[in-house]
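All chains, full assembly: derive it from the sequences and hints.
Given next are the chains, with one letter for each unit.
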Amino acid sequence: MIQAILVFNNHGKPRLVRFYQRFPEEIQQQIVRETFHLVLKRDDNICNFLEGGSLIGGSDYKLIYRHYATLYFVFCVDSSESELGILDLIQVFVETLDKCFENVCELDLIFHMDKLLLLNSPLSSLETVVSSLHGGEGSVTRVKDLYCCRSQRTESCTGKEVHYILQEVVMGGMVLETNMNEIVAQIEAQNRLEKSEGGLSAAPARAVSAVKNINLPEIPRNINIGDLNIKVPNLSQFV
Amino acid sequence: MSDIVEKTLTALPGLFLQNQPGGGPAAAKASFSSRLGSLVRGITALTSKHEEEKLIQQELSSLKATVSAPTTTLKMMKECMVRLIYCEMLGYDASFGYIHAIKLAQQGNLLEKRVGYLAVSLFLHESHELLLLLVNTVVKDLQSTNLVEVCMALTVVSQIFPCEMIPAVLPLIEDKLQHSKEIVRRKAVLALYKFHLIAPNQVQHIHIKFRKALCDRDVGVMAASLHIYLRMIKENSSGYKDLTGSFVTILKQVVGGKLPVEFNYHSVPAPWLQIQLLRILGLLGKDDQRTSELMYDVLDESLRRAELNHNVTYAILFECVHTVYSIYPKSELLEKAAKCIGKFVLSPKINLKYLGLKALTYVIQQDPTLALQHQMTIIECLDHPDPIIKRETLELLYRITNAQNITVIVQKMLEYLHQSKEEYVIVNLVGKIAELAEKYAPDNAWFIQTMNAVFSVGGDVMHPDIPNNFLRLLAEGFDDETEDQQLRLYAVQSYLTLLDMENVFYPQRFLQVMSWVDASLSFLDGFVAEGLSQGAAPYKPPHQRQEEKLSQEKVLNFEPYGLSFSSSGFTGRQSPAGISLGSDVSGNSAETGLKETNSLKLEGIKKLWGKEGYLPKKESKTGDESGALPVPQESIMENVDQAITKKDQSQVLTQSKEEKEKQLLASSLFVGLGSESTINLLGKADTVSHKFRRKSKVKEAKSGETTSTHNMTCSSFSSLSNVAYEDDYYSNTLHDTGDKELKKFSLTSELLDSESLTELPLVEKFSYCSLSTPSLFANNNMEIFHPPQSTAASVAKESSLASSFLEETTEYIHSNAMEVCNNETISVSSYKIWKDDCLLMVWSVTNKSGLELKSADLEIFPAENFKVTEQPGCCLPVMEAESTKSFQYSVQIEKPFTEGNLTGFISYHMMDTHSAQLEFSVNLSLLDFIRPLKISSDDFGKLWLSFANDVKQNVKMSESQAALPSALKTLQQKLRLHIIEIIGNEGLLACQLLPSIPCLLHCRVHADVLALWFRSSCSTLPDYLLYQCQKVMEGS
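First to last, the sequence lines map onto chains F and X. Going left to right, the first sequence walks through residues 26 to 264 as my numbering numbers them. Going left to right, the second sequence walks through residues 19 to 1054 as my numbering numbers them.
A couple of the hints might just be wrong.
Below 25 Å or equal to it, Euclidean Cα-Cα: the simulated SDA-like pairs (lysine to any residue) are [to be verified]:
#, chain 1, residue 1, chain 2, residue 2
1, X, LYS357, X, TYR346
2, X, LYS408, F, HIS62
3, X, LYS903, X, THR921
4, X, LYS72, F, ARG58
5, X, LYS361, F, ILE71
6, X, LYS72, F, HIS36
7, X, LYS450, F, TYR86
8, F, LYS124, X, ASN282
9, X, LYS866, X, LEU936
10, X, LYS987, X, GLY959
11, X, LYS367, F, ARG67
12, X, LYS361, F, ASP69
13, F, LYS38, X, LYS82
14, X, LYS408, F, ASP69
15, X, LYS82, F, GLN53
16, X, LYS960, X, GLN391
17, X, LYS270, X, TYR258
18, X, LYS93, F, ASN216
19, X, LYS67, F, GLN55
20, X, LYS866, X, ALA835
21, X, LYS678, X, MET394
22, X, LYS853, X, LYS1049
23, X, LYS376, F, SER104
24, X, LYS439, F, LEU65
25, X, LYS67, F, ASN34
26, F, LYS66, X, PRO405
27, X, LYS227, X, LEU248
28, X, LYS987, X, VAL1050
29, X, LYS408, X, LEU390
30, X, LYS439, F, HIS36
31, X, LYS974, X, VAL1027
32, F, LYS38, X, LEU140
To be clear, the hints were calculated from the coordinates, so they are not data collected in a lab.
What follows is the structure in structure tokens.
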């Protein structure tokens, strides 16, 4: 099970903090700090696995992290998760973010507070980072400070977006979906609501019917499970 | 619940009245859309924590006003929530907004609801009282016809839901398992899994529905149900064996690419699904042959199909290997899995190397040879710059620790320990070292020194069991009284020295251990107490101080001893007041010690230290003469001597020294791997002392010829003594590596710790004591062991003379019988039969007496390097008078070496039921396990290229064998090398070390020098063979 997902930048500023296990507020902050110090110490050419700090449970837990340009993505997991599997899950998450935010500077994107459009800075697009990752085998592409590349910002989206995306990938500490297209489709379906927001508040009845007919992706995904002989008795409703 | 609502509601007006910021809600509304952006920008631009705090506090107070203002619309509230989430993430308290988050989830439209739910799931925890307010909303949304609302409700339920309210939503969620949309079914499954985690009893009745989810036509739903099954099978695998077939079928389809293409990740079909399934299969097949058989095929296919083109394939392979080693073994699969582990271990990618080590750690008990294969990589990982890799390597070494490699491994662990700062690392490591030290300690001094290091580094954090066990060990002792005595004496002496040092601070627990030991001994041994009080003046203050500490917090819990308090006859026993400790407090602790020894360990201690005459007077005197520590004085001399020798050696031997050191380290680390024997502390001391005895002998012999050279400059070493040294080096270093490493260790740790003044003296002390170890041993054991002086070489020589001594063995070459031990009743002689596939040791026991001997039994102690198997027909119930019986043992070698001892004993009963036991030992040489390898020149060429380990050396030939053929003949006869071909002045030879490690030799003659060039698949074998060759060539 995934215990926590932390995203912070090279200076230790948290960008996304999601705990799936209960920790008091102060401890959460300490964990973020401790984790930051743990990963900061590490070069990029050593392994992406760490034992969890003392706060998060010591050697029973693993910190699996990736460093993309200015951001660290850290997943804290217990022994029931595969290290390499999680490493690729981070990749999926980041690639999905990239897809959902189209050509967005990864810094801003993970800042997850703004959806920013960039002018003429191919270097800073997450796409480049990600595509270099495909070839570069987990190596980290250092992208120069991206602040300077930005000349104009449009603020349309807010930090919740990243959380929504994450919710489609990991739900309550369990991996829900690893298929990027599926995640993007879910997010897009939800976002369609946003566009008709005005209508929704103006005419609730119309909105409800609109939402009812909303086209959630339904890809035929069948699997033949073999002949399973499972009887499902009629269970009385829970009282 | 209503109380809470009321409270919250009454609090609201208060919030209203609080500071309304300048602009008021209207102004806030105007700038809403850009507020968050500017906040983030503002924060990012700030440099100091203080400024950030100021800005956030400002933001929070304006938010507080906004959210509680009645004019704030839900839309504005939504924006406020996003900013609150941000502030909370940075660690600032935004609890005033929690209730509004819930209200937003309750009242908002879809988008506002979404934000509200998100805020709630981020702000609150499962047992937060406000969460109860959300239950109704969740119930309502679960019943909604709107898909998005249902999904949101399911998401929030799986993230955060109050345990006691599960019944309210459970039927609704169960219904969702039949929902037409797969995403809803999937989320419902995960929500139920969450319930299973927090309240397993409440979902017990729907296990059958999980089965239905497993059969869902949608892969996503099926995959979600695997989370549940993994968990439930982990808890109780026997309940789900019937599903094995289904899991196998699913995996087969996934591996076979039957899933739609969109499930591929980098053209690997559903890797996460595969990982999950493999884990489940591993759990199901554990210790269950029948179930395991069902999955062999699919595992084989998984291993085969995994083409290594992406990281994620390695993830699958890793799980596959793990599963193969978890389930009931199948040799074919194990072989393939072992190869896979090799791919991981040898990978240049550090992540894979880490996982390779992890896999090795996992399989090491089943397959120790795998560690041998990768020993050089493991050695490299020990010095890896990544501490995580290092720690995993230590974990691996911890699993393979045995009596032979304990010193080296513990050194490595201590090295790491001294570098570690993290508390949990120290706790973990300290526990392991203590465990290993107790299990495998080679001798007292080492044990005490190691424990001292453990206590001084980890004293404050370690598990209380460690000091408790240690003290119990000291108190209870073993079977051997002298051993116990020495152990205790050594402990006290080492503590006295440690305490004698000024400006050193030890962890409290360490001081407690010391004081406990002191207290008990001072009562029992008048002298030690006296010495203590005499010499106490300089170190009494710290001693008293720790005694006071002890009285303040009784951290140590001597449970087993405490129990006996009431039963022991305490009256009449007086704490010997003022023996070592003057204060009342110390009196207490002395009593503690007294109680313990008194009641529990009566036998052990009384005999040694009891009032029947203060037995240990002898030791005490020694202690008196040389001050606190009698040990080191002479040992220093010896060690200086040794150190000089080593220094010379290191100068002479410059070429590829590093390489060699690595190999030596490897051989000392992986020695004795694979022997299943678990030997107790005493047995261990036995084998080790043999080592030391032999070493000291070698040294004596050597000192004769080299003492003079020592005094000269190193450069005056002639080439001859160089060679002589080489001999010594190989025979000696193996055993010495430990000492050398210790020295190195203490040096490095000194450097490392030099900044912390407090630790420095301790480190010095440690190195000092560890230096004294070998001589201590030599002294101890010289008197105890008197094994026969025969060497393997002489045996080998005798062996070439065919003797008609024994009947059934004439088809093989065998040695002459030699008497290994005798007494008035029996005589035991032994001989070796060099069979093609093993060495057969035969001990023939002759009953010389006129009486019948009963239950004669011969037993061989487990030995390093050897695997000894008893041949059938060895047990003799009755041995008639004047008869001879033989016991046969086949011996296999597990690791190349030069010489080794096989010890055992014969026990029997005489007619009068008097039983007797007789010990013997036999020397084995590497040559006993060398057999000719008959291959062609072509094969030789091929093999030669494939072997990586090579050793070259020039050997001077004596005149009698100046020509190549005669030299080779000597090698053929003495070493059993097979001569493949002689071409001009070059010769090709080959042999194998049983069971099947080949070694090739290429010889070339220049004048009177024979250039030997060995190659083998084993890294150490060439060295050993070279040594034997040199011996043979010079000897004849």
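Evaluation of the provided hints:
1. X:LYS357 / X:TYR346: Answer holds: LYS357 of chain X to TYR346 of chain X is near 18 Å, not above 25 Å.
2. X:LYS408 / F:HIS62: holds, 19 Å
3. X:LYS903 / X:THR921: With a Cα-Cα distance of about 19 Å, the restraint between LYS903 of chain X and THR921 of chain X holds, given a limit of 25 Å.
4. X:LYS72 / F:ARG58: Cα-Cα ~20 Å, so holds.
5. X:LYS361 / F:ILE71: This hinted pair holds, its Cα atoms lying about 18 Å apart.
6. X:LYS72 / F:HIS36: holds, 19 Å
7. X:LYS450 / F:TYR86: holds, 19 Å
8. F:LYS124 / X:ASN282: Given that 25 Å is the threshold and the Cα spacing comes to 18 Å, the pair holds.
9. X:LYS866 / X:LEU936: holds, 14 Å
10. X:LYS987 / X:GLY959: holds, 21 Å
11. X:LYS367 / F:ARG67: holds, 16 Å
12. X:LYS361 / F:ASP69: holds, 22 Å
13. F:LYS38 / X:LYS82: Roughly 24 Å separates the two Cα atoms, so the pair holds.
14. X:LYS408 / F:ASP69: Roughly 17 Å between the alpha carbons, so the hint for LYS408 of chain X and ASP69 of chain F holds.
15. X:LYS82 / F:GLN53: holds, 23 Å
16. X:LYS960 / X:GLN391: This hinted pair holds, its Cα atoms lying about 21 Å apart.
17. X:LYS270 / X:TYR258: This hinted pair holds, its Cα atoms lying about 19 Å apart.
18. X:LYS93 / F:ASN216: holds, 16 Å
19. X:LYS67 / F:GLN55: holds, 15 Å
20. X:LYS866 / X:ALA835: Holds. LYS866 of chain X to ALA835 of chain X sits at ~17 Å (cutoff 25 Å).
21. X:LYS678 / X:MET394: Since the Cα atoms of LYS678 of chain X and MET394 of chain X sit roughly 11 Å apart, the hinted pair holds (cutoff 25 Å).
22. X:LYS853 / X:LYS1049: Holds. LYS853 of chain X to LYS1049 of chain X sits at ~24 Å (cutoff 25 Å).
23. X:LYS376 / F:SER104: holds, 12 Å
24. X:LYS439 / F:LEU65: holds, 16 Å
25. X:LYS67 / F:ASN34: Holds, at about 16 Å.
26. F:LYS66 / X:PRO405: Given pair LYS66 of chain F, PRO405 of chain X holds - Cα atoms ~11 Å apart, limit 25 Å.
27. X:LYS227 / X:LEU248: Holds, because 16 Å separates the two Cα atoms, which is no more than 25 Å.
28. X:LYS987 / X:VAL1050: holds, 11 Å
29. X:LYS408 / X:LEU390: With Cα atoms ~18 Å apart, LYS408 of chain X and LEU390 of chain X stay inside 25 Å; holds.
30. X:LYS439 / F:HIS36: holds, 23 Å
31. X:LYS974 / X:VAL1027: Roughly 5 Å between the alpha carbons, so the hint for LYS974 of chain X and VAL1027 of chain X holds.
32. F:LYS38 / X:LEU140: Between LYS38 of chain F and LEU140 of chain X the Cα gap is close to 18 Å, so the pair holds against 25 Å.
Hint compliance for this structure: no hint is broken.
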